[in-house]
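Single-letter residue listing:
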Amino acid sequence: MLTIKNLHAEVEGKKILKGLNFSAKPGQVHAIMGPNGSGKSTFATVLAGKEDYEVTDGSVVYKDTNLLELSPHERAHLGLFLAFQYPVAIPGLSNINFLKTAVNTIRKHQGKDPVDAYDFLAQAKALAMRVGLGESFLSRGLNDEFSGGEKKRNEIMQMLMLNPSLCILDETDSGLDIDALKTVAAGVNAHRSPDHIIVVVTHYQRLLDYIVPDFVHVLIDGAIVKTGDAQLAKELEKKGYQWLMESAGGGA
Amino acid sequence: MSEKKTINDAVSKRYEHGFVSDVAADTFAPGLNEDVIRRLSAVKNEPEFMLNWRLKAYRKWCTMKMKTWASLNIEPIDYQAISYYSAPKTQDGPKSLDEVDPELLRTYDRLGIPLYEQKMLAGVAVDAVFDSVSIATTFKDKLKEAGVIFCSFSEALQEHPELVEKYMGTVIPVGDNFFACLNSAVFTDGSFVYVPRGVKCPMELSTYFRINAANTGQFERTLIIAEPGASVSYLEGCTAPMRDENQLHAAVVELVALPDSNIKYSTVQNWYPGDENGKGGIYNFVTKRAVAHERAKVSWTQIETGSAITWKYPSVTLRGDDSVGEFYSVALTSNCQQADTGTKMIHLGKRTKSTIISKGISAMKGQNNYRGRVKVGPMAEGARNYTQCDSLLLSDTCGAHTFPYVDVANATAKVEHEASTSKIADEQLFYLGQRGIREEEAVSLVVNGFCREVFDQLPMEFAVEAQKLLEISLEDSIG
Numbered sequence: 152m153l154t155i156k157n158l159h160a161e162v163e164g165k166k167i168l169k170g171l172n173f174s175a176k177p178g179q180v181h182a183i184m185g186p187n188g189s190g191k192s193t194f195a196t197v198l199a200g201k202e203d204y205e206v207t208d209g210s211v212v213y214k215d216t217n218l219l220e221l222s223p224h225e226r227a228h229l230g231l232f233l234a235f236q237y238p239v240a241i242p243g244l245s246n247i248n249f250l251k252t253a254v255n256t257i258r259k260h261q262g263k264d265p266v267d268a269y270d271f272l273a274q275a276k277a278l279a280m281r282v283g284l285g286e287s288f289l290s291r292g293l294n295d296e297f298s299g300g301e302k303k304r305n306e307i308m309q310m311l312m313l314n315p316s317l318c319i320l321d322e323t324d325s326g327l328d329i330d331a332l333k334t335v336a337a338g339v340n341a342h343r344s345p346d347h348i349i350v351v352v353t354h355y356q357r358l359l360d361y362i363v364p365d366f367v368h369v370l371i372d373g374a375i376v377k378t379g380d381a382q383l384a385k386e387l388e389k390k391g392y393q394w395l396m397e398s399a400g401g402g403a
Numbered sequence: 126m127s128e129k130k131t132i133n134d135a136v137s138k139r140y141e142h143g144f145v146s147d148v149a150a151d152t153f154a155p156g157l158n159e160d161v162i163r164r165l166s167a168v169k170n171e172p173e174f175m176l177n178w179r180l181k182a183y184r185k186w187c188t189m190k191m192k193t194w195a196s197l198n199i200e201p202i203d204y205q206a207i208s209y210y211s212a213p214k215t216q217d218g219p220k221s222l223d224e225v226d227p228e229l230l231r232t233y234d235r236l237g238i239p240l241y242e243q244k245m246l247a248g249v250a251v252d253a254v255f256d257s258v259s260i261a262t263t264f265k266d267k268l269k270e271a272g273v274i275f276c277s278f279s280e281a282l283q284e285h286p287e288l289v290e291k292y293m294g295t296v297i298p299v300g301d302n303f304f305a306c307l308n309s310a311v312f313t314d315g316s317f318v319y320v321p322r323g324v325k326c327p328m329e330l331s332t333y334f335r336i337n338a339a340n341t342g343q344f345e346r347t348l349i350i351a352e353p354g355a356s357v358s359y360l361e362g363c364t365a366p367m368r369d370e371n372q373l374h375a376a377v378v379e380l381v382a383l384p385d386s387n388i389k390y391s392t393v394q395n396w397y398p399g400d401e402n403g404k405g406g407i408y409n410f411v412t413k414r415a416v417a418h419e420r421a422k423v424s425w426t427q428i429e430t431g432s433a434i435t436w437k438y439p440s441v442t443l444r445g446d447d448s449v450g451e452f453y454s455v456a457l458t459s460n461c462q463q464a465d466t467g468t469k470m471i472h473l474g475k476r477t478k479s480t481i482i483s484k485g486i487s488a489m490k491g492q493n494n495y496r497g498r499v500k501v502g503p504m505a506e507g508a509r510n511y512t513q514c515d516s517l518l519l520s521d522t523c524g525a526h527t528f529p530y531v532d533v534a535n536a537t538a539k540v541e542h543e544a545s546t547s548k549i550a551d552e553q554l555f556y557l558g559q560r561g562i563r564e565e566e567a568v569s570l571v572v573n574g575f576c577r578e579v580f581d582q583l584p585m586e587f588a589v590e591a592q593k594l595l596e597i598s599l600e601d602s603i604g
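For the record, the sequence lines run as chains A and B. Residues 152 to 403 (this note's numbering) make up the first sequence, in order. Residues 126 to 604 (this note's numbering) make up the second sequence, in order.
Quick caveat, the hints were computed from the structure, so don't treat them as lab data. Here the structure is a predicted model, which is why all the values come from computation and not from measurement. Please note that the accuracy of each hint is not assured.
If you anchor each label on the Cβ, the simulated ranges turn out as follows [as the list claims (entries may be wrong)]: (1) B:206 with A:163: 33 to 41 Å; (2) B:198 with A:214: 51 to 59 Å; (3) B:545 with A:274: 28 to 36 Å.
Even for Gly, the Cβ is constructed at its ideal location relative to N, Cα and C.
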């Protein structure tokens, strides 16, 4: 169970989240939609715990733990995963070495032994194929000289590998062609399970044709102003956000 | 825990090799003059040509001044305050490991360099140099079967004086520079390698240099000769105790790569770097140069993490047509360390090729300079060079500077230079952290990734060692 109450956050002194309320249960897929600048990415980043995003009020509780007191790696150990909108490159750090380090770090936290190197490699190869990346990507530098689509596929591969219980996808659909979009969506759908919470942050309805959410929330000016089911996304596609912004009494 | 603190903790890992060994030693009183050199040569029972060479070098050195072109802040060095010879007390030098002082063996064990062959990494022969003398060389017999000579320089002077006389100084002349000249006058020991025609040396060769005695300079000399078609891979490692005063290390390494031969020379330098206030540490002034004849290939790889001051430019004179020179370097400067390091690639032969990959990492108040020269002579038709200099900054108080000199006298030459400077990005640490990786380990992964191209060049047995050396200790970092 993820419960967020009255969340306020600012970046470099600028108030972005202004009293956001949100809750999700295992097994659910939530979509967060909203116009540019409404605070969608900030929301995703704050949940993951980036240092220069300052939470000024409110609470975030996941698995009965106050997330706001944890550093990013501790949140990851608790099962939180953020698929980044702009995954960063780390030249010279091979994808496979990175993945193995991440998997073993989390396993260690769970009191498990490190993965068997042979099994791990086989699994990584299978997942790379599944998200449409060749085996050669495993030995390349992490996101180094990857295309936009390759980076997003890589994020999904990491998600499948790490098998997180709370998954936040930050505009994973942006910059994807239709084939990549389908692959990414298939990966996310495969991750759906009664144990997992998936939060899809997106600008467009398009992705939601492939990942059908249980709930759709509209984020405007740092707060959720409307919640509905998958139909709401279709309505937004037709009507845009303007009508909601007006009723929210201002604008983003 | 702030990112800055993590990085500082990461790079200020405690120096692990700072202990002093209690070994009885014969040490000359400090001071330098012709008598000292005569005594030194006599103690070592050297052939006459060697004494004459030393005296010639000394007289030349007396006329020279230390050049100041390097961007280094160096306290004046009092050459009369240094002792030029210190040797563990033994009768006639050990004939076998059983005769070596157990305290010395323990010293190398503590350094992770067991000298007993059965305990050693398979396939690596080791020569251990303690202060001024070589104390043990392993795997000699196996090498002898292949015709490879691997021994201390002193031993080479006794057993193979003709080889030493023929090649010594042919790559680095006596008066080449101030420190090389001083070394020529007072060098004490080092390693000697000779690989005969067509022989591929059957194992990695390695020398570990250790400075132990106080107020002692270490002046070693290494000479490697690869006959036509021969090939050899050699690695040197260096450590020293923590002492408050600076100690001088001025080595000379000469590589002779005859036609179609291949020499790979790797260094993992971890001399004591001094403390966080810049007190103590080794002054490392080293001259390393190779001559590559027709179709020969020389590759320098260096991991420089120690020393208060590093002044070092391993170079290749590409004399023969189609010869190849390579330089791969990682230099880490932290605390108050200063490094001015790089290479010279002198293209004389046709179609000669050189590659330079330099990775500088600066942290805390460390200063890191790349200084390189690529020179293409008028006869070097079709010569090619590729240079890449990358700097990684880990603090706001450190510095990185690149001084590339390019000097091309042949219009058919192709010279490329790429340079980059980057800071370790918050985004990178956040990304790794989001995947469950702690900050200390994240810093280590980013830094090791930055160095990957160079680590890949190291012999496999030592790649892990080099990575560990840069690796981040987690113990001090949890605030």
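Checklist line | Distance restraint hint 33 to 41 Å, applied to the beta-carbon atoms of residue 206 (chain B) and residue 163 (chain A) | finding: Taking Cβ atoms as reference, residue 206 (chain B) and residue 163 (chain A) lie about 55 Å apart, which means the hint is violated.
Margin query: If I claimed the Cβ atoms of residue 545 (chain B) and residue 274 (chain A) lie 28 to 36 Å apart, would that claim hold in this structure?
Written below: holds (35 Å)
Check: In this structure, is the beta-carbon distance linking residue 198 (chain B) and residue 214 (chain A) contained in 51 to 59 Å?
Finding: Hint holds: Cβ distance 55 Å, inside 51 to 59 Å.
The structure shown violates just one earlier hint, number 1.
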